[in-house]
Structure formats: C-alpha cells, structure tokens
Amino acid sequence: MNHVDPRPDDDPSQRRDWVTRRAKALSLLTLDTASWCAGFLVASWARYEFGITPRQCALALGAAGVCAVIHAALEQVRFTARGRHPVGSVGEARDLGGTVVLAAAVALAALLPMAERPIPASVPILGAAVALLLMGTGRVTYRWRRDRDARPARSADRTLIYGVDAASERLVRVLLGDPTSGYLPVGLLDDDPERQGLRVAGLRVLGGREQLIQAVRATRAGTVIFSINGSDAELMRDVRSRTLQAGAAFKVLPPVRELLDRPVTAHAVRDLQLTDLLGRAQRVAELPVERNGLAGRRVLVTGAGGSIGSELCRQIARCDPGELMMLDRDESALHALQMSLHGRALLDGPELILADLRDADGIARIIAERRPDIVFHAAALKHLTLLQRHPGEAVKTNVQGTLNVLEACRDVAEFVNISTDKAANPISVLGYSKRITERLTAHYAERYGGAFLSVRFGNVLSSRGSVLTAFQAQVRAGLPITVTHPDVTRYFMTVQEAVHLVLQAAVVGRGGEALVLDMGEPVRIAEVAQRLAAEAAQPPEIVYTGLRPGEKLHEDLFGVDEIDSRPLHPLISHVRVPALDPADLAGLDPYGEPEELVKRLAACCDDRLVRVDDTARLSTLPSPR
Numbered sequence: 001m002n003h004v005d006p007r008p009d010d011d012p013s014q015r016r017d018w019v020t021r022r023a024k025a026l027s028l029l030t031l032d033t034a035s036w037c038a039g040f041l042v043a044s045w046a047r048y049e050f051g052i053t054p055r056q057c058a059l060a061l062g063a064a065g066v067c068a069v070i071h072a073a074l075e076q077v078r079f080t081a082r083g084r085h086p087v088g089s090v091g092e093a094r095d096l097g098g099t100v101v102l103a104a105a106v107a108l109a110a111l112l113p114m115a116e117r118p119i120p121a122s123v124p125i126l127g128a129a130v131a132l133l134l135m136g137t138g139r140v141t142y143r144w145r146r147d148r149d150a151r152p153a154r155s156a157d158r159t160l161i162y163g164v165d166a167a168s169e170r171l172v173r174v175l176l177g178d179p180t181s182g183y184l185p186v187g188l189l190d191d192d193p194e195r196q197g198l199r200v201a202g203l204r205v206l207g208g209r210e211q212l213i214q215a216v217r218a219t220r221a222g223t224v225i226f227s228i229n230g231s232d233a234e235l236m237r238d239v240r241s242r243t244l245q246a247g248a249a250f251k252v253l254p255p256v257r258e259l260l261d262r263p264v265t266a267h268a269v270r271d272l273q274l275t276d277l278l279g280r281a282q283r284v285a286e287l288p289v290e291r292n293g294l295a296g297r298r299v300l301v302t303g304a305g306g307s308i309g310s311e312l313c314r315q316i317a318r319c320d321p322g323e324l325m326m327l328d329r330d331e332s333a334l335h336a337l338q339m340s341l342h343g344r345a346l347l348d349g350p351e352l353i354l355a356d357l358r359d360a361d362g363i364a365r366i367i368a369e370r371r372p373d374i375v376f377h378a379a380a381l382k383h384l385t386l387l388q389r390h391p392g393e394a395v396k397t398n399v400q401g402t403l404n405v406l407e408a409c410r411d412v413a414e415f416v417n418i419s420t421d422k423a424a425n426p427i428s429v430l431g432y433s434k435r436i437t438e439r440l441t442a443h444y445a446e447r448y449g450g451a452f453l454s455v456r457f458g459n460v461l462s463s464r465g466s467v468l469t470a471f472q473a474q475v476r477a478g479l480p481i482t483v484t485h486p487d488v489t490r491y492f493m494t495v496q497e498a499v500h501l502v503l504q505a506a507v508v509g510r511g512g513e514a515l516v517l518d519m520g521e522p523v524r525i526a527e528v529a530q531r532l533a534a535e536a537a538q539p540p541e542i543v544y545t546g547l548r549p550g551e552k553l554h555e556d557l558f559g560v561d562e563i564d565s566r567p568l569h570p571l572i573s574h575v576r577v578p579a580l581d582p583a584d585l586a587g588l589d590p591y592g593e594p595e596e597l598v599k600r601l602a603a604c605c606d607d608r609l610v611r612v613d614d615t616a617r618l619s620t621l622p623s624p625r
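Going by the UniProt record's numbering, the residue at position 516 of the sequence shown is 516; the numbering climbs one at a time, nothing skipped.
By construction, these hints were calculated from the structure, which means they are not laboratory data.
When the alpha-carbon atoms are kept at most 35 angstroms apart in a straight line, the in silico DSBU-like pairs for lysine-lysine are as follows: (1) LYS396 <-> LYS552; (2) LYS599 <-> LYS396; (3) LYS552 <-> LYS599.
Per label pair, the in silico range of CB-to-CB distance: (4) ASP330 <-> VAL87: 48 to 58 angstroms; (5) GLY322 <-> ALA473: 38 to 48 angstroms; (6) PRO570 <-> SER241: 25 to 35 angstroms.
All residues carry an ideal CB built from backbone N, CA and C; glycine is no exception.
Make the full structure from the sequences, and use the hints.
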C-alpha cells in the first residue's frame, strides 16, 4: 500500500497529481487484498484436495482479510519510517517480500496455539507464497506497461550502443525511458567474448566490431553510439570507420570524467571531437577527486578569464568554497566567465576583480583586503614565438607579475603556480620565465613556510591559441595546415585533466615542489594534422614550416638534474625545485637589449643561483640548454 498525501488546495495541477497518487495507492491496496484472498483460497483448495465447502471458503477469505489488514499496516509503518521505492523496482520487491512473510508469520503464530483452527496451519504459508507471486506479477505488469509507454516513438533513430559498461547500461535505460530522446536502442556491441549474447534492459549483445556492419544492416540502425570509458583512440577510430562504412552516423558518450557532475542523459550523447581521436589515454579519471580541501575556504584565481583559469573557476565553484575571487585584466574575459558560471553577466559582483599583475601596489592591496586562503596563479603570457621576439614582456608579466603576487601572499596558506613543460631544460624565453617562476615559488615556500608549489603540464587541448585551435581555424578558412616539423612531438592533456591536476596539487603537493602529471606518450603533431585533415569535407594540404627559435623537436617533462619521484600517486611526479632569491633578478631589465635579456633570463634558470647582475660571471655560464 502507498501513502496518500493530504488533499491539496484548489490548484488544478496539484489536485490532478493528488487524484493520480490516490488512485495509484488504492489500486495497489486492491491488488494486494485480492492477492491475499486468491492465495488463501488456492491454498485451502489444495489442502482439502480440491474439494472446498462454502464454510471453508468463507473462513479462508476471513483469514486472508486479516492478513491484508496486517500487510497494509506494515506497509504504512515502513513508508513512514523509510519511505517507498518505485513500483516494480528491486527495492520494492525486497520490501514487499518482507512484508508478506511478516504478515504470514503473524497469522501462523495466531493459529498454532488454537485447538480448533479455523483454517489449516499450512494455508498461511502456501497462501502467502501465492499472494506474493500475484502481487509481484501485478507490479511487473504495471512497470512493463509504463516502460513501454515511455519508450521513444517509432520515428526515433534506431541506435546500436558499442560497449557494455556501467555508463552504457545507464544510457540504454535512459534512452528506453525517454520518449523525447530521439534515439531508440535496438542492440549492443562489445568485443569481449564473455559478453556475447548478454542482455541489458532487454537488448542483446549482437557481436563485436567485426559484426558491426552486419548488425547495422540487420537492425536497420541509423546511429552507433560509442560508449567505452577509458578506451584508446585507435579503437574509437576503427569503430568509427566501420560505422561510416555501414552508412550509419557515429556518436560518442563522453567519458565518466566529463559526467562527474551530471547524470547520463540523452543530451550527453554528442558528435565526435578531434580530442576523442588523439592517440593517448585520458588519465584524469584515475586520479582521486578531492574537494573537501576547498569547501568553505576563500580562493583567488589569477588569470581567471583564460582557458585554464576559467575552467579552474568553474570546477572550484562546484566545491562549495567560502568565496571565489576571479582576477584578470581582460574585462571581456571576466564577462564571459561570469556568464558561464551564472547564466548572467552584470559585472556587479565582488567576485570579479579587474587588475593587472604588473601593478605591485594594486595586487598587494587586493590580497590584503580580500585575504584569500588559497591562490591559484594562472595568469601568464604563453605564446612562445611572440615572447621570443619580446622578452621584456615575459619579464614584466611572467616573472615580475608572479613576484608581485608572491610578495603579497605572505598570509596565504597555499599557493599553486601553473607552469609548463617548457620550464624543463628551457631553451626559450617562455621556458626561462616559467622556470624562474617555479624557483621563485620555491623560495617563498621557504620564506613563508606555506604550501607554495608549482604544477607543470604540456599543451592543453582546445585552449586559446593551442595548436589544435589553430589547425581547426585553418581548416575552416580553407587554408593549408601548417606544421613546424614532420617529427615534432608534444605532450597533450585536456583542460579537464589540467585543472584536475591543479586542484589535486592543492591537496597532495608540498612546498617547494613542482608536480608533473603522467601524460602518457607524446603525440606527433603531424598525425594530429593528418587526422584533422581527414575529417574535413575537402582535405587541406599540410605544409611544414620548420622549427622556430626557441622551439624543441621533443619536449621534456623533467630537467637533466631532476628525479622522477612518485611518493603519493603513481600518476603524479614530485620534483624538488631549487629556490631563487628575488635579489638575483635585480639585473633583469625588461627594456634592455633583447639578446642580452635572453642571456640573463637563461642565467637565472641555472641551479647554481648565479647573480645575473654580475656581468663578469656571465661569460662563465654554459650555453642555455
């Protein structure tokens, strides 16, 4: 029996809902009562060898009525204490079985002491079993009819799901229960031999990728949805090729890491993205998610309007911080960030801070007034070639700007500096400046005693100015794709992975360290260009332009003297960074000759702490690595 809510006010919609709930509860009460009566009649009929008198029939119905009342009372008590499960669910079946057994036990306990029993003692036992069978049959029938009515319309796109795992099982059930989804699952595919012939929500596994074309034709499927968490790119490319060969559309269910904060729904299914086809495994799902470290704390993000900074703000906002402060000098970027966070951008909230890192007094005043507990420093100039031509700008923003923030953070408990793999064995202005920020951060870790550390990672896919973004822009414009060298490789990670590592750094990192995520094998840029060209309607030409000054053929994750140590997690390396006293930066003149400035930047990266204003010693320095 289901609980019936008190009658609502005169609102028509509420009244209709109340009537529906009442009718449903009365229907279940009627079903359960009828099941008890039928069960006891069948049990009595069998006990008397199929010859039952009217009196015996009346006694059996009376006993059944008593059990039905006990059953209804127990259901009401259970509902009040624990709530109820959906009709026809496993949870309801478990509770229903317990209620029936308890009601039968009460009836049997009342019968056994009697000298003259109105019904045989075996009737409650057999009758309860029959009643439970009838109750379950009624509920399963109701559930089946409800699910049938909720299935997508016949006009929905017939769909095969490739991959059988927890996410795909949820997807199948969601699609079958959503008449507006536009997808009608008709079968499953999986390469695991142990899953062949398996049924999920009534759908059968029809084979693996070798049988994909035949399955598409046999089921008249118009779409194949790829749903295997943590699969490699080669498998996805192969399944996609076979799907297109069969004449069906190819869709993707995003990995679990992209669905952490929302349930699997039909809207989660999306078109294939180039990031799905990269030849590297996504590692972020293997890292523990720790959010308690941010809950209730005051967090400041510099460079909040950038690709990393904005995603960092979005993920921090989900961690229930005490206050999230977003600092940037780009007002349009702050406008876009507030829109993405709140669906509105009035620019009137105290969470947005318009400021420039180069303004030391302004930064010091902001941090003193807002008193953040944690600072994520994402602001920087990052375009290697531009900084190679304008090293003074790298000094003013990346070096002096970071120093301004560090000087103001004397009362901050945790400081996370976002660095780059170009800081390992640097040969470019960008690499020099970011290595210096790592060393400055290590110095202030010793000076303030807080958890001041750096995070070092490779290229972030789809970030502003990334190679992938540039390639896609060239394809859209009908231009050749320009690649520096056919053998050049880079480490890649998604923006979710990058931000996840930054958040983990605030929890697992120790002062004076640089954390490096295991990003798998580096990816050949030429292969990325070739895959993108293959996706275009008219494949563009690929042009090789040659390496530019400051560019490496292959990036490093660790310096020549750095040791790869992974004490806390097998995917996160902890590297000790030698401190650099800000006094050693005294000779950096951002307005000096570019060539001399580059030499001085390189000198500051030397681990022997050579003072760059000592020009007599500059000639003794080794050439930049």
